[in-house]
Amino acid sequence: MKYWIGAVLVVIAAFGAALSGINEYFFYAAYIVLTFVVLSTAWNILGGYAGYVNFGTGAFFGLGSYSAVVLFKALDAPLIVQIVAGAAIGAALGFGVGIMTLRLRGIFFAIATVAILFIMETFMVNWRYVGGATGLQLLRPEVMAPFGSYTRMLFVVMALLAVIAVSIARYIQVGWIGRGLRAIRDSEEAAECSGVPTLRLKLFACVVSGALMGAAGAPMPMYLSFIEPASSFSLNWGVSALAMPMIGGTGHWIGPVIGALLLGSIQQIVTVTISNEINVLVVGVLLVLFVVLAPDGVVGLFRKWTRRFSR
Amino acid sequence: MDPALLQVKNVSKHFGGFTALAGVSLDIAPGERFGLIGPNGSGKTTLINCISGSLRNEGGSIHFSGSEISRLPAYRRTRLGIARSFQIPRPFHSMSVLENLLVPSAYVTHLRDSEGEAKAMEILADIGLADKAHALANQLSQVELRKLELARAMAAKPRLLISDEAMAGLAGAEVDEVLKILFDLNAKGITIIMIEHIMQAVMRFSQRVVCLDAGKIICEGPPTEIVRNPDVQRAYLGA
Amino acid sequence: MIFSFDLLFEAVLFGVLLGCFYAAVSIGLSVSFGLLDVPHVAHPALMVLGSYCTWIVASWGLDPILAGIILMPVFFVLGVLIYRFYYETFEKRGTEAGVRGLAFFFGVAFIIEVGLILVFGVDQRTVQAPYIGSSWAIGEYRLPYRMLVAFGIALVLTAALTLYLSKTFTGRAIKAVAQDEPALRLMGANPVRIKQWAFGIATGVSALAGAMLIIVGPVEPALDRLYIGRTFCVVVLAGLGSMSGTLAAGLILGISESIVLMMLGASWAPAVAFGLLLIVLGIRPQGLFGR
Numbered sequence: 001m002k003y004w005i006g007a008v009l010v011v012i013a014a015f016g017a018a019l020s021g022i023n024e025y026f027f028y029a030a031y032i033v034l035t036f037v038v039l040s041t042a043w044n045i046l047g048g049y050a051g052y053v054n055f056g057t058g059a060f061f062g063l064g065s066y067s068a069v070v071l072f073k074a075l076d077a078p079l080i081v082q083i084v085a086g087a088a089i090g091a092a093l094g095f096g097v098g099i100m101t102l103r104l105r106g107i108f109f110a111i112a113t114v115a116i117l118f119i120m121e122t123f124m125v126n127w128r129y130v131g132g133a134t135g136l137q138l139l140r141p142e143v144m145a146p147f148g149s150y151t152r153m154l155f156v157v158m159a160l161l162a163v164i165a166v167s168i169a170r171y172i173q174v175g176w177i178g179r180g181l182r183a184i185r186d187s188e189e190a191a192e193c194s195g196v197p198t199l200r201l202k203l204f205a206c207v208v209s210g211a212l213m214g215a216a217g218a219p220m221p222m223y224l225s226f227i228e229p230a231s232s233f234s235l236n237w238g239v240s241a242l243a244m245p246m247i248g249g250t251g252h253w254i255g256p257v258i259g260a261l262l263l264g265s266i267q268q269i270v271t272v273t274i275s276n277e278i279n280v281l282v283v284g285v286l287l288v289l290f291v292v293l294a295p296d297g298v299v300g301l302f303r304k305w306t307r308r309f310s311r
Numbered sequence: 001m002d003p004a005l006l007q008v009k010n011v012s013k014h015f016g017g018f019t020a021l022a023g024v025s026l027d028i029a030p031g032e033r034f035g036l037i038g039p040n041g042s043g044k045t046t047l048i049n050c051i052s053g054s055l056r057n058e059g060g061s062i063h064f065s066g067s068e069i070s071r072l073p074a075y076r077r078t079r080l081g082i083a084r085s086f087q088i089p090r091p092f093h094s095m096s097v098l099e100n101l102l103v104p105s106a107y108v109t110h111l112r113d114s115e116g117e118a119k120a121m122e123i124l125a126d127i128g129l130a131d132k133a134h135a136l137a138n139q140l141s142q143v144e145l146r147k148l149e150l151a152r153a154m155a156a157k158p159r160l161l162i163s164d165e166a167m168a169g170l171a172g173a174e175v176d177e178v179l180k181i182l183f184d185l186n187a188k189g190i191t192i193i194m195i196e197h198i199m200q201a202v203m204r205f206s207q208r209v210v211c212l213d214a215g216k217i218i219c220e221g222p223p224t225e226i227v228r229n230p231d232v233q234r235a236y237l238g239a
Numbered sequence: 001m002i003f004s005f006d007l008l009f010e011a012v013l014f015g016v017l018l019g020c021f022y023a024a025v026s027i028g029l030s031v032s033f034g035l036l037d038v039p040h041v042a043h044p045a046l047m048v049l050g051s052y053c054t055w056i057v058a059s060w061g062l063d064p065i066l067a068g069i070i071l072m073p074v075f076f077v078l079g080v081l082i083y084r085f086y087y088e089t090f091e092k093r094g095t096e097a098g099v100r101g102l103a104f105f106f107g108v109a110f111i112i113e114v115g116l117i118l119v120f121g122v123d124q125r126t127v128q129a130p131y132i133g134s135s136w137a138i139g140e141y142r143l144p145y146r147m148l149v150a151f152g153i154a155l156v157l158t159a160a161l162t163l164y165l166s167k168t169f170t171g172r173a174i175k176a177v178a179q180d181e182p183a184l185r186l187m188g189a190n191p192v193r194i195k196q197w198a199f200g201i202a203t204g205v206s207a208l209a210g211a212m213l214i215i216v217g218p219v220e221p222a223l224d225r226l227y228i229g230r231t232f233c234v235v236v237l238a239g240l241g242s243m244s245g246t247l248a249a250g251l252i253l254g255i256s257e258s259i260v261l262m263m264l265g266a267s268w269a270p271a272v273a274f275g276l277l278l279i280v281l282g283i284r285p286q287g288l289f290g291r
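Protein chains in written order, with this note's numbering: chain A, 1 to 311; chain B, 1 to 239; chain C, 1 to 291.
Rather than coming from a laboratory, the hints here were simulated on the basis of the structure. Source: prediction; values computed, not measured. Just so you know, not all the hints are guaranteed correct.
The calculated DSBU-like cross-link candidates involving lysine-lysine, where the alpha carbons are at most 30 Å apart (straight line), are [unchecked claim]:
no.: 1; chain 1: B; residue 1: Lys188; chain 2: B; residue 2: Lys157
no.: 2; chain 1: C; residue 1: Lys175; chain 2: B; residue 2: Lys216
no.: 3; chain 1: B; residue 1: Lys132; chain 2: B; residue 2: Lys157
no.: 4; chain 1: A; residue 1: Lys304; chain 2: B; residue 2: Lys216
no.: 5; chain 1: B; residue 1: Lys9; chain 2: B; residue 2: Lys188
no.: 6; chain 1: B; residue 1: Lys157; chain 2: B; residue 2: Lys119
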């Protein structure tokens, strides 16, 4: 119950912020950070809960972006339709990749996600309708009532999407599905012999994860007023979506949120003040540091400290 | 005569060029205490994996309670009533002992957590792990891990339990503990296949024993006969 | 789409050279991932690092192949250190090594890539050598000398490594540790030392592979991303644990890529390795000769 109160408060706060006089730049940055909340939460459903690592978050995210562009270009589809379509296509891709590789060991799934990423990019590079390698400019409305700017509206949309994503992750984690996924992660063979339908659960997690990533990708072209394959399908999305839950903590739904807020904010600051390359370096270094020194992430560290003080 | 609970007919399994099982057949009667022995590499664990579903057999058929199960994935076989423990224990290490048992109780017996916990505590009490119910699985000792393997298999309410070297590496009194657990389970009507290297355990426990060597059954009969059989002695000691 | 048997034959010929090159750059991964089961997604990044190191050494006046050979012992030590670290941190603990190990190597790959960008910039680098730039003309076909050189090195390297693994004691121990570690322990050998040594060799080989990479074409820091596809495609197609399969798999990839390059152009060629990889994973994940 406490959770839902918190969730509603977050949504109200988002609306409130968007209607207030806060600096426009805040919304530009916050939109990206919220996108990462969705991506890292989505990643964690398969990666943290079930133990199957996805390197190709960009494939799902980019596919969501491109399907939004196609719908916008062909049918002038409204944003909500773009998002739903992004989710559906992301789910379908998750199912496709899953059914092909989730039967195999984890590393094969991981490599397959990289393969999908590159194949998607190659496909879009060669598709003239969406602009090929140079990409497409998009015209979006200047304002979207009752918000002062389109970006503010996108900020609220992404905040809603983030709350939805986290709620889904929490629901999965707390229920019997989450227990089954954890069993798979701890020992897949023992899970299967304990009656857990491992392939089905993995597929489920992959589909949900893919759907959320696709949904997060859909508003991106509108946010940028632009789309092009290299950045949409970059491996960089993958490293961030992986680093954030690993830094935040993979066992609990709050981990990816913490990781996204922390690392996302750091990224925004570093990219603007130093450079994009240093940004990627920071992500890589933090990832390796946490994986080696604090495998349970910030959540794990917090638990250790509270245990120490409760004695 | 009761129809066999498990019928393995002419099962074979190859790994590349290596033949792990070459046409193995055996019948297990309901309620039986069955021992499976053989030197390392003879195919015991492969046979168990084919029965439990971790591996698919290539030739032959496997019938459980009358239905052919060769095509079924392992989780379905567990739901039909076949449970197994692992030679090297595979606990769900991020969960407590109790939570380990909640996995089969949720996925096989479909109990809600409140009922599942009660049933799980009963099993843990029977097996002697009740005081460790909330300990994390990765903090248990060897013998406790073995007991957890059996407890978790029990939480799936099996009709057939396959115990894969549950006593390997345990000392005298610990072996007796585990043996007693298996006897108690059998007394409740559960058919048990025991794979063991500890001969005195196999002798005390089994009503019937089969010896595998190089993927084939070389001897079958009551334990006293098996241990005297020259082929068995040769297989273990190497002629 | 222009199609003629002449062009096809030339593409196949080029594909054979390319394929052997792909086999050679993948053979290190065949050892580290195929035999040792290390989720080494940083293998291509180490190779690109080797390319840049070759560029540095070559800029002192040395022939790039010589540079690569000189770098091999350096990279061998690097490989031993990396494996030692990986083992102590992840493999020893067992449990959740899978996710963490993958994440670790992924992070390392990114750090190497960005490190290279920061030091060398994003521009492409090339090396100079007498055999780079000219081609051998046979009849109507032109085979670039640099490809022939890479082809030659590739054959020698593959043959040497295969022989090493099957004929020498250490080599056979490496294969044994992949198949049955407990048995090896019982024979008195230390599996960790052996794996460390093997990983060192795999990384040392990557130095030479990096030299070949910069001989064959210009190199940039992000090249490792593309080669994740090519190297893993070769290793998976060959079948984990099969050294000889690496050559066959490399040829299949090289020829396929060359034909696609000819028929559809350079914008489609990068996807061939990834596509082939997916097909193999979907239809026959154990590869051609895998266990």
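Each hint, compared with the structure:
1. B:Lys188 to B:Lys157: holds (11 Å)
2. C:Lys175 to B:Lys216: Roughly 28 Å between the alpha carbons, so the hint for Lys175 of chain C and Lys216 of chain B holds.
3. B:Lys132 to B:Lys157: holds (21 Å)
4. A:Lys304 to B:Lys216: With a Cα-Cα distance of about 53 Å, the restraint between Lys304 of chain A and Lys216 of chain B is violated, given a limit of 30 Å.
5. B:Lys9 to B:Lys188: Satisfied, since the Cα-Cα distance of roughly 28 Å is no more than 30 Å.
6. B:Lys157 to B:Lys119: Satisfied, since the Cα-Cα distance of roughly 10 Å is no more than 30 Å.
Violation of the numbered hints given earlier is confined to hint 4; every other hint is satisfied by the structure.
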